[in-house]
Amino acid sequence: MKQLFTSDNHKCLMFNDLTSKEMVQANQHIIFHNNEAVILDPGGHKVYMKLFSEISKEIPGAKISHIFLSHQDPDIIASLNGWLLTTDAKAYLPEIWIRFITHFGIDELLVKKVNTIPDEGGKIDVGNIELKIIPAHFLHSSGNMHLYDPVSKILFTGDLGVSIGAEYDSVEDFDSHIKYMENFHKRYIPTSKAIKIWLNTLDKLNLEIETIAPQHGAIIEGKENVSKFFNWLKDLNVGMDISNDSWI
Amino acid sequence: MNILYDNNGHKNVMFNDLAVGEMIQSTQHLIIDGDEAILLDPGGHKVYATLITEISKAVQSLSKIKYLFFSHQDPDIIASANAWLMMTDAKAYLPEIWIRFITHFGVDDIVLKQITPIQDSGTVISLNGKKLEVIPAHFLHSTGNFQIYDQESKILYSGDMGASFGQEYDFVESFEDHIQYIEGFHKRYIANNEVLKKWVSMIKKYDIETIAPQHGAVIKGKENIEKYFSWLETLKCGIDLMDDNFQFKK
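Residue numbers (this note's numbering), protein chains in the order written: chain X, 48 to 295; chain W, -15 to 234.
Heads up, a few of these hints could be off.
[Said to hold, decoys possible] Cross-link-like lysine-lysine pairs, in silico, DSS-like; alpha carbons within 27 Å at most:
1. X/Lys170 with W/Lys75
2. X/Lys68 with W/Lys75
3. W/Lys(-5) with X/Lys281
4. W/Lys97 with X/Lys281
5. W/Lys75 with W/Lys114
6. X/Lys233 with W/Lys(-5)
7. W/Lys97 with W/Lys181
8. X/Lys233 with W/Lys48
9. X/Lys243 with W/Lys41
10. W/Lys75 with X/Lys243
11. X/Lys243 with W/Lys48
12. X/Lys251 with W/Lys171
13. W/Lys220 with X/Lys251
14. W/Lys(-5) with W/Lys204
15. X/Lys281 with W/Lys75
16. X/Lys49 with X/Lys68
17. X/Lys160 with X/Lys110
18. X/Lys251 with X/Lys281
19. W/Lys97 with W/Lys48
20. X/Lys159 with X/Lys233
21. X/Lys68 with X/Lys179
22. X/Lys58 with X/Lys270
23. W/Lys204 with X/Lys233
The set of hints was computed from the structure by calculation and includes no laboratory data.
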């Protein structure tokens, strides 16, 4: 576990050591604000029990008030029934996936507790703060969202900024970190145009970003590293850009 | 339930009426040849119980299910994977790039023992000696995605390509009238036109009589299939339709 931010009434924790064995490493992020907890991309049932007890250890009596689901992949949503059954949390999922997750999710719970996020994004109110839901479609999922916390100035980027195989949990030297990110970005993202739209979207929103916190691998901290990350993305060719004329 | 092909001990069965409640309609396909069968994209646990009964009727014994095919990682494809792998001795196939994602819910031992990862370039499955070509169809919509071409029946199992929603028929009569049911999905879920064009130029080389998607109606006959391909070649979708802020252009 790593603490990404802390103040009197606000805390961001990253659980990066709960996945094991054959699972791709995944981070579960929790934003605590006063007595409320927001879980981001909780993952599968193998992580569920551990995460549940970690949360109550960190802030005894914390109320899990919101669950944010960036997209439809198994490492994001597989434990959703469990979370919806055992908490009163409201969940948020991109609208285009709601009728897909009902292939395993309990209809009544989903209809009652899952808010659908429209393509243009939205917000989650936690106490007196507003977490911003920012569209990040086709990065890699067709319907995909990021979350920005204005208190900690962390942008939670899901599958963007992912690194696999790095043995540290915060990037020190960005240039030597590229080798851990490169393969995933090149194979999973369909087109560099999606990245460019994302960079433009962030630009227009004019957010102050201190930290990029992905759902896999190390976080990118500090404005210098964050801007190096954006620069690297700007010129990166991925997916269709670098594939041959035919798949076979 | 529909029989798409039945000849020479080779049978292609489509279950398209098992999804209920809030689930998006999805179709489960079964290919039987002699004593061997393959189940394509079995879906979630809510379909599982009904499907297992239906399949037992079709193949007599579940031990005939030699193969399971998972075209990609979405919940409507893989959510019942644990159960199917436990109930059968089937060898399963899943795109390589998703193996370590499904282990977030899949039983490790079973996943490792029974699932063969499909490399990006595809593979061939031999069903009782008949060839099923596993053809890459990446980014349609999933990053790692495959389709199956059955050489005997000349059916292309196209997964999310050709998916339609809301029509009340099982087989497309007029392609022009059908466009209204396929348009929304293709435009929103597929990343761009470039990937469609790439797929069309590759798939045109196959002798296809039927396109059987995982959602909605089947497109039968060369004329309709040709119309579908032509429609795709000029279709703007996904990123093509979004402005600089991920908003759909009006």
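How the hints compare with the structure:
1. X/Lys170 with W/Lys75: Given pair X/Lys170, W/Lys75 is violated - Cα atoms ~44 Å apart, limit 27 Å.
2. X/Lys68 with W/Lys75: holds, 22 Å
3. W/Lys(-5) with X/Lys281: violated, 51 Å
4. W/Lys97 with X/Lys281: Violated, at about 41 Å.
5. W/Lys75 with W/Lys114: holds, 16 Å
6. X/Lys233 with W/Lys(-5): Not OK: X/Lys233 and W/Lys(-5) at ~40 Å, beyond 27 Å, violated.
7. W/Lys97 with W/Lys181: violated, 37 Å
8. X/Lys233 with W/Lys48: This hinted pair is violated, its Cα atoms lying about 40 Å apart.
9. X/Lys243 with W/Lys41: violated, 52 Å
10. W/Lys75 with X/Lys243: violated, 41 Å
11. X/Lys243 with W/Lys48: violated, 49 Å
12. X/Lys251 with W/Lys171: holds, 25 Å
13. W/Lys220 with X/Lys251: Holds - the C-alpha atoms of X/Lys251 and W/Lys220 are around 25 Å apart, at most 27 Å.
14. W/Lys(-5) with W/Lys204: With Cα atoms ~16 Å apart, W/Lys(-5) and W/Lys204 stay inside 27 Å; holds.
15. X/Lys281 with W/Lys75: violated, 42 Å
16. X/Lys49 with X/Lys68: holds, 20 Å
17. X/Lys160 with X/Lys110: Given that 27 Å is the threshold and the Cα spacing comes to 16 Å, the pair holds.
18. X/Lys251 with X/Lys281: holds, 16 Å
19. W/Lys97 with W/Lys48: holds, 19 Å
20. X/Lys159 with X/Lys233: The given pair, whose Cα atoms are some 38 Å apart, is violated under the 27 Å limit.
21. X/Lys68 with X/Lys179: Outside the cut-off at roughly 34 Å; violated.
22. X/Lys58 with X/Lys270: holds, 20 Å
23. W/Lys204 with X/Lys233: The hint is violated at about 36 Å.
The earlier numbered hints that this structure contradicts are 1, 3, 4, 6, 7, 8, 9, 10, 11, 15, 20, 21, 23.
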